[in-house]
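A.B. asks: Next come the chains, spelled out residue by residue.
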Amino acid sequence: MSKFRKKTKVKQDIPTSSMPDVVFMLLFFFMVTTELRKTAVDVMQRIPQATQLRKLQRKSLVTNLYIGEPKKSEQFGTEPKIQAEDVFIEANDIILWVNREKDKLPENEREQLTVALKVDAEAKRGIIADVETQLRKANARKILYSTLQKSDKR
Amino acid sequence: MARNTPEIPNASMADIAFLLLTFFLVTTTMPNDKGLSMQLPPPPEAQPPEDVKIQERNLFKIQVNSSDALLVEGEPMADVDGLKDMIKKFILNNGQDPNSSDSPEKAIVSFKTDRGTTHKRFVEILDIIQASYYDIYAEQAGVTNEEFRKIASDLNNPDNKRIYDKGREGIPMGISIAEPTKIGN
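Chains S and D, in that order, give the protein sequences.
Under the numbering used here, the residue at position 57 of the first sequence is numbered 56, and the numbers go up by one with no gaps.
Under the numbering used here, the residue at position 7 of the second sequence is numbered 323, and the numbers go up by one with no gaps.
Please keep in mind that the hints were generated in silico from the structure rather than gathered at the bench.
Here the structure is a predicted model, which means the values were calculated and not measured.
Do not take every clue at face value.
[As the list claims (entries may be wrong)] Pairs of lysine to aspartate or glutamate residues, derived as EDC-like cross-links and limited to a Cα-Cα distance of at most 16 Å, are as follows:
id, chain 1, residue 1, chain 2, residue 2
1, D, LYS436, S, GLU68
2, S, LYS80, S, ASP129
3, D, LYS428, S, ASP129
With the rest of the complex left out, here is chain D:
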C-alpha cells in the first residue's frame, strides 16, 4: 500500500510562483499617499470684498521669482538654512520686537511665487514653512515633530485629539499662498 502513494509533482512549483511574482511586480505599483497637506482658501467670489487690513509687522513675506531666487522680508537670501529659525522667531515674537509679529494668532507667513517658479522650489519653501509650524506645535504639545504629524493624521482617537488641540492652541497655521505673479512663463 505504501509503495505507490499518490504525489503531486512539485518540481515546477517554484517556476509557477516565480511567474506569479513577476506578474505582480509588473502590474502593481508602490502606493505613495504621502505629501504636504494644504487647505485652499474659499473660492474668490465667495470672499467678502472688504479690505482686511493686516499690519506690516504681522506679515512675514517670502517671495520666489521665476528663476527660483529667494527674497525674504525684502532681503535676498542665497540658501534656505536659516529660514526656518527666522519664521519660528517671527511667529513666537509676541510683540517683543516692534518689527515682528504681535502674537502667534495674528502672525501670517505670506508666500508669493511667480508663474515661472518650479514646483520643486515651491515644495522646498512650503516644506520649511510647515516645518516651523509643526515644530512649534510639537514643542507646545510636548512631543516630537514626527509624532505630532502622526497624531494629526488620526484625530478620531480622543487621546490624539487632545494632544493635537494642545499643540495648536492659540497658534493657527497662518500660511497665505498668494496668486503668482506673471513675469515668467
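Just chain S, with the same shape it has in the complex:
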C-alpha cells in the first residue's frame, strides 16, 4: 500500500509560466497574417478552385466586387446579387462605382485599378457577363477572378 501512496505525491501540474509567451506568439502571428474585416459580405462565397493563380502586385490598387446568392434569402430572394462595399448594387451602377473607386487613387495610378471579382461558384455566367460589360464601359479592364489554390495535382 505504501508503495502506491508514494506515487500519488508526484507533482503533476503543467507548468503555466510560459503560457503568456505562447499565447502572445499566436497573437502576433494572427495580427501579421490577417487583416481587419472591412465589409460584411452578404452574399454566398463558395469560391471556386483553380491552379494557375496569379498574386496581385499591389493591394492598394485592388477593389472587391462580390457576386452570389444573398445569404438572407427570405429578405432578398435567391437571385444572385452584386455587392460593392456594404450595399447591393445593380449592374447599371457599376460605372458610377468604378469612378468613385478611381477617385480614391492618386491620378497616375487610376488606370491600374484592378477589380477582384469574388464570385460564388454556383453563380451564373449571365450576371458576371453583365458586370464585365459595365466594367469595360467604365474602363476598368484589369480584372481578377478570385479563386483558391487547387490542392490536388492534375
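Given chain S, put chain D in place with the hints provided.
C.D. replies: Leaving out everything else, chain D in the frame of chain S:
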C-alpha cells in the same frame, strides 16, 4: 531591501493575451488576393466596326452550354483531362497540320459560354486555357510554370522582366471570351 521587491502580478497575463487573441480571431480575415488574372477587351463602342476576318483554322473553339456540357471544336467532350494538351498542340502547330493554327501569333482560343453556365465551370475551363499558355511560356523561358507566374507578378525587377519577355516572345495570350448566349437563365 531585497525582501519586498515590487512585482507586477502576472498570473492573469495569459488570460489577457487569450482575450486579445480571440478578439483578433473574430474581427480579422485571412486575405485572399489570388486568382485568375484577365484583361478585358476595350468597350464595345470604342472598337472599330470593321470585320476582322479570322481564318477558321486559327480559331480553337470551346463552348459550354447552360447545363455545363463541353463542346470542343464541334465535338462533345465528357471530361477535361485531354483539353490542355489539345490547346497546346493547337497553339504550337506552326502550320504543320492544315486544320490547326498557322502560327502562335495568329492562334486564338475562343471560349464561349451561356448565360446559364455556372461560374465554377467557367473558372475550370479558363484555368485550363491559361495553364496551356503558361506552360508554353514557361517552357520557352526555361523555368517551371509556377516560377513563371511568380516572375510575371513582379515585373519591376529587370531580371524578371527579361525572363518574362523571353517566355512571351512571339506568343501573345490569345484568349477570346465571347458574349454569352441567352438560352439558360
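A.B. asks: The structure should be examined with respect to each hint, and the outcome stated for every one.
C.D. replies: The hints, checked one at a time:
no.: 1; hint: D:LYS436 / S:GLU68; result: holds, 14 Å
no.: 2; hint: S:LYS80 / S:ASP129; result: holds, 12 Å
no.: 3; hint: D:LYS428 / S:ASP129; result: holds, 15 Å
Hint compliance for this structure: every hint is met.
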